[in-house]
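Taken in order, these protein sequences are the chains called Y and A.
The first sequence: position 53 = 53 (the working numbering), numbered continuously.
The second sequence: position 19 = 1019 (the working numbering), numbered continuously.
Derived by calculation from the structure, the hints in this document are not laboratory data.
Bear in mind that the values here come from a model prediction, so they are computed numbers and not experimental data.
Be aware that one or more of the hints could be misleading.
With the C-beta cut set under 10 angstroms, the calculated list includes, among others, these residues of chain A facing chain Y [as the list claims (entries may be wrong)]:
{"#": "1", "residue": "S1083"}
{"#": "2", "residue": "I1084"}
{"#": "3", "residue": "N1103"}
With a straight-line Cα cutoff of 25 angstroms, these simulated DSS-like cross-link-like pairs (lysine-lysine) come out [to be verified]:
{"#": "4", "chain 1": "Y", "residue 1": "K59", "chain 2": "Y", "residue 2": "K112"}
{"#": "5", "chain 1": "Y", "residue 1": "K112", "chain 2": "Y", "residue 2": "K77"}
{"#": "6", "chain 1": "A", "residue 1": "K1112", "chain 2": "A", "residue 2": "K1077"}
{"#": "7", "chain 1": "Y", "residue 1": "K72", "chain 2": "Y", "residue 2": "K59"}
{"#": "8", "chain 1": "A", "residue 1": "K1005", "chain 2": "A", "residue 2": "K1059"}
{"#": "9", "chain 1": "A", "residue 1": "K1051", "chain 2": "Y", "residue 2": "K77"}
{"#": "10", "chain 1": "A", "residue 1": "K1112", "chain 2": "A", "residue 2": "K1059"}
{"#": "11", "chain 1": "A", "residue 1": "K1112", "chain 2": "Y", "residue 2": "K77"}
{"#": "12", "chain 1": "A", "residue 1": "K1077", "chain 2": "Y", "residue 2": "K112"}
{"#": "13", "chain 1": "A", "residue 1": "K1077", "chain 2": "Y", "residue 2": "K51"}
{"#": "14", "chain 1": "Y", "residue 1": "K51", "chain 2": "Y", "residue 2": "K112"}
{"#": "15", "chain 1": "Y", "residue 1": "K77", "chain 2": "Y", "residue 2": "K5"}
Every residue, glycine too, gets a C-beta built ideally from N, C-alpha and C.
There are 2 protein chains.
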Amino acid sequence: MTEAKIVRTEFANDAFYSAFNARDFDQMSSLWATRNACSCMHPGWQPLVDKEAILNSWKQIFINQPEDFFVKHHVIKTHLLGSIFSVLCFEELGEVWMVATNNYLFENDEPKIVHHQASPCRPPEDIILSKPSIQ
Amino acid sequence: MTEAKIVRTEFANDAFYSAFNARDFDQMSSLWATRNACSCMHPGWQPLVDKEAILNSWKQIFINQPEDFFVKHHVIKTHLLGSIFSVLCFEELGEVWMVATNNYLFENDEPKIVHHQASPCRPPEDIILSKPSIQ
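Chain Y with its partners taken away, still in its complex shape:
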């Protein structure tokens, strides 16, 4: 049951990055939770703790995103933490690497994002990237 939900969470996480790359606002919006409080920390921004502000931030990002923007994500670990499904991943943006925490809660039996935080990190060296991964 948990393993199946981990796989479904990783699918949702793939959809998150697919929406990010495709500048698909509708898909991005549909992935966020509606029944739980959400938080979003884009690198260098002020933290966003209001759902409307979070969705607006994605609108702004999609408008300002360069044509050749592409983020490749590498899952480090997906695990169940309390009742949250937490995906820790690297975000590869050309030469720049970020580490992101994407937390999901199930609403109506669907994994929905409740928290996204991305921050600059050193590129992975010896970390074994695996997908899907269970703690």
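Once you've looked at the hints, dock chain A against the given chain Y.
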């Protein structure tokens, strides 16, 4: 019950920053979860998903911390997310501001850190800082 746990989580969060400022490794160690998987993302580091690596990172940080180091934290919001008590806060380090997510799970009726991620952010402008705060 939830409100009482939020207050206790914020006390643990105060203890986290107090250990950070005092370079108190024993106190820092005692705050981390022992029954749940932990993750720690220091700004610019590689993500740490191994408890031993996390504790070692604090050892290194305390050794290399300048004498006058002081981080002041400002709680933005503490809320219950699924079964996780999540503290979102600004970290003020002189001119530098970070935003941190500190997630806690209760173990043996004590709030224990399971996740810390700090990332550079714009200084707070119009965000109302309140403490304690409930979503």
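Original post:
What are the numbers of the hints that this structure violates, sorted from low to high?
Top reply: 8
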